[in-house]
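The numbers in UniProt numbering rise by one with no breaks, and the one at position 191 of the sequence shown is 191.
No wet-lab data here; the hints were simulated from the structure. One should not assume that every hint holds.
Unchecked claim - Below 25 Å or equal to it, Euclidean Cα-Cα: the simulated BS3-like pairs (lysine-lysine) are:
#1 K123 x K183
#2 K123 x K29
#3 K46 x K29
None of these values were measured; they are calculated from a predicted model.
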Amino acid sequence: MLSSLTFPRLLQWLAGAAVAAFTLLMGTKVWPYLSFEPGIHFLTTKSEATNGSGLFRLGFYVHITSSLWVLAAGLAQFFPRLFRGRAVWHHRLGKLYIVSVLALAGPSGLILAGFANGGLVAKVGFALQCVVWWLSTWQAYRLARQRRWEPHTEWMIRSFAVTLAALSLRSESYLLYYAFGTKPIETYLTVTWLSWTGNLVLAEVLIQLGAARRLVRSFHATPAR
1 MLSSLTFPRL LQWLAGAAVA AFTLLMGTKV WPYLSFEPGI HFLTTKSEAT
51 NGSGLFRLGF YVHITSSLWV LAAGLAQFFP RLFRGRAVWH HRLGKLYIVS
101 VLALAGPSGL ILAGFANGGL VAKVGFALQC VVWWLSTWQA YRLARQRRWE
151 PHTEWMIRSF AVTLAALSLR SESYLLYYAF GTKPIETYLT VTWLSWTGNL
201 VLAEVLIQLG AARRLVRSFH ATPAR
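From just these sequences and the hints, can you work out the full model?
Right, dumping it as structure tokens:
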């Protein structure tokens with residue numbers, strides 16, 4: 001099988017496997033929070049007033065749960081072969097992704113941005129991330145309604161790049177702290193911005209290299225059912 005893969009396709013599948021593994025890992029991290037106890041893991045970094053806020057708790061639990069299926073549904077969209085003979089599932093998962101970002105993950109992330117540690121720099125960084133995430137997903141939806149598939153795919157690439165900030169934030173944090181010896185607050189404030197802006201730069205490079213065009217061509221070559 002590997003001998004039949006081109007290098008770009010091999011990279012695509014390796015990246016997909018990494019994101020899938022991260023999604024499963026995040027599922028194991030989310031599970032303990034479903035006890036709804038305030039004194040565990042990330043919640044211990046928040047003040048008693050924040051943990052006691054109904055708005056914060058609503059945003060937190062909606063965000064951590066909806067982001068899991070957003071990651072999974074979004075990832076699947078970039079592997080047309082998964083939908084060979086089952087194109088209807090591409091549309092269903094695409095709708096699940098878009099509705100979840102627009103109605104759940106994006107707005108709840110914006111709520112959490114207001115409670116972010118790290119002061120104004122972190123709050124603005126997370127808030128802008130959520131705004132860009134929401135707007136890029138809305139643009140992808142709008143273009144899909146117009147059946148303009150190539151620009152739709154370009155905006156889906158941008159949207160999923162912001163979705164993957166959950167992964168890049170953690171990987172960049174480890175890299176900066178352990179490889180470059182940055183202080184914890186320096187690391188945190190850097191990845192608050194770099195985790196999504198860096199992903200968007202990479203997304204633009206992929207778009208300019210024709211990634212959206214190739215995906216559209218692959219989907220059109222996939223028989224519908």
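How the hints compare with the structure:
1. Note on K123 and K183: the hinted pairing holds, with a Cα-Cα distance of about 19 Å set against a maximum of 25 Å.
2. Between K123 and K29, the direct Cα distance comes to roughly 23 Å. Compliance with the 25 Å bound is thereby established for this hinted pair.
3. About 17 Å separates the Cα atoms of K46 and K29, which keeps this hinted pair within 25 Å; it holds.
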